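Student: Sequence:
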Amino acid sequence: MRQNAAKFFLPKASALFFLLAIAGFTASAVLPATARARLVDRAVAVVNNDIVKLSELDLAIAPYVREIRSQHLDYEEEQALIFKIREEAINGLIERKLVDQESLRLGIKVDEKDLDAYIEQLKQENSMTAEDLLAALKAQGMTMEGFRKAQRESLLRARLMEREVASRIVVTEDEIKKFYEEHRDRFEGKSTYHIWSLSADPAGGEEGAARLLEARTALAQAVSITDVGKRFGQGLPKVEVSDLGFWLLSDLAPFYQEKVAVMKEGDISAPLQTPTGQAVIFLDSVTKSSGKSLAEATPEIRRAIHNKAVNERYTTWVASLKKKAHIKVIR
0 MRQNAAKFFL PKASALFFLL AIAGFTASAV LPATARARLV DRAVAVVNND
50 IVKLSELDLA IAPYVREIRS QHLDYEEEQA LIFKIREEAI NGLIERKLVD
100 QESLRLGIKV DEKDLDAYIE QLKQENSMTA EDLLAALKAQ GMTMEGFRKA
150 QRESLLRARL MEREVASRIV VTEDEIKKFY EEHRDRFEGK STYHIWSLSA
200 DPAGGEEGAA RLLEARTALA QAVSITDVGK RFGQGLPKVE VSDLGFWLLS
250 DLAPFYQEKV AVMKEGDISA PLQTPTGQAV IFLDSVTKSS GKSLAEATPE
300 IRRAIHNKAV NERYTTWVAS LKKKAHIKVI R
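The opening residue of the sequence shown carries number 0 in numbering that gives the first Met the number 0; numbering runs sequentially from there.
Hints were generated in silico from the structure; no laboratory data involved.
Be aware that a few hints might be false.
[To be verified] Restricting the straight-line Cα-Cα distance to at most 27 Å, the calculated cross-link-like pairs of lysine-lysine (DSSO-like) are:
{"hint": "1", "residue 1": "108", "residue 2": "83"}
{"hint": "2", "residue 1": "176", "residue 2": "291"}
{"hint": "3", "residue 1": "189", "residue 2": "307"}
{"hint": "4", "residue 1": "189", "residue 2": "291"}
{"hint": "5", "residue 1": "263", "residue 2": "229"}
These numbers come from a predicted model, not from an experiment.
Kindly generate the complete structure, drawing on both the sequences and the hints.
Tutor: Structure representation (structure tokens):
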């Protein structure tokens, strides 16, 4: 992947919608009252003394169903994918109900002050003002009351996870050292290569190949690459000079990796036979980023090990809740 490729940013409204989705927004928070009145709702799962509603399930899978249908698959394949998404979503909603019930049982609460601070943090992370938030909610047909309810539930779950799962995990220094040794390539400095190509006119035959050699000679004699491009880009046969940009060695095609790996800054390759004809590679510069020592990498490693352990323990913890719960899926 080119390192100077354009960056893509998530629009503010889309970022907020993502936050609402992962917070588990309910249909009552999203749909206007008139739309809710038209819903024919039913239970799709019983979880102890609670239920998962069809409206909750439909809302959870709606973005994925739209994506699947936009691919214009065969009907059977489309339905199979939707069924799979539906089953996974039901399971996720059941787990969320169990977590919510456990929060209630343990008396975990979120007061208004904590909720306000949490929403402020979300706004800052998404570079949103209060006006931006209100506009985004309005665009999605959501109310502030419903939004606050969803965020309160999200914060309750986070606190429960911290109490029941995350707080019980201890990452040792030996684990950190082992991770660092096993992932040295991740923490070593990486070299970025600025590469240019000089390509012969495919229709130029031997004359085109000879002109490419002339351009290579001029470059070797310290003529700047831009001047070489201007001089040999005129007349026939032309030599096309292209700035290929900045690359990590690992991102180059194998053919070019082999060549660039043995080149030094300022080197010019011999003419190479490529699928489109003869070409020369010019390595303009090599920039190496500084790596991270064990001490510098420790916070990142600790988070990685901790997050992995949290995911593993969460799965085990939820499985234990399921084992003790009364769960019935209604298809």
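Student: State for each hint whether it applies.
Tutor: Hints, one by one, checked against the model:
1. 108 / 83: violated (35 Å)
2. 176 / 291: This hinted pair holds, its Cα atoms lying about 13 Å apart.
3. 189 / 307: holds (26 Å)
4. 189 / 291: holds (11 Å)
5. 263 / 229: holds (25 Å)
Going down the numbered hints, you'll see the structure goes against just number 1.
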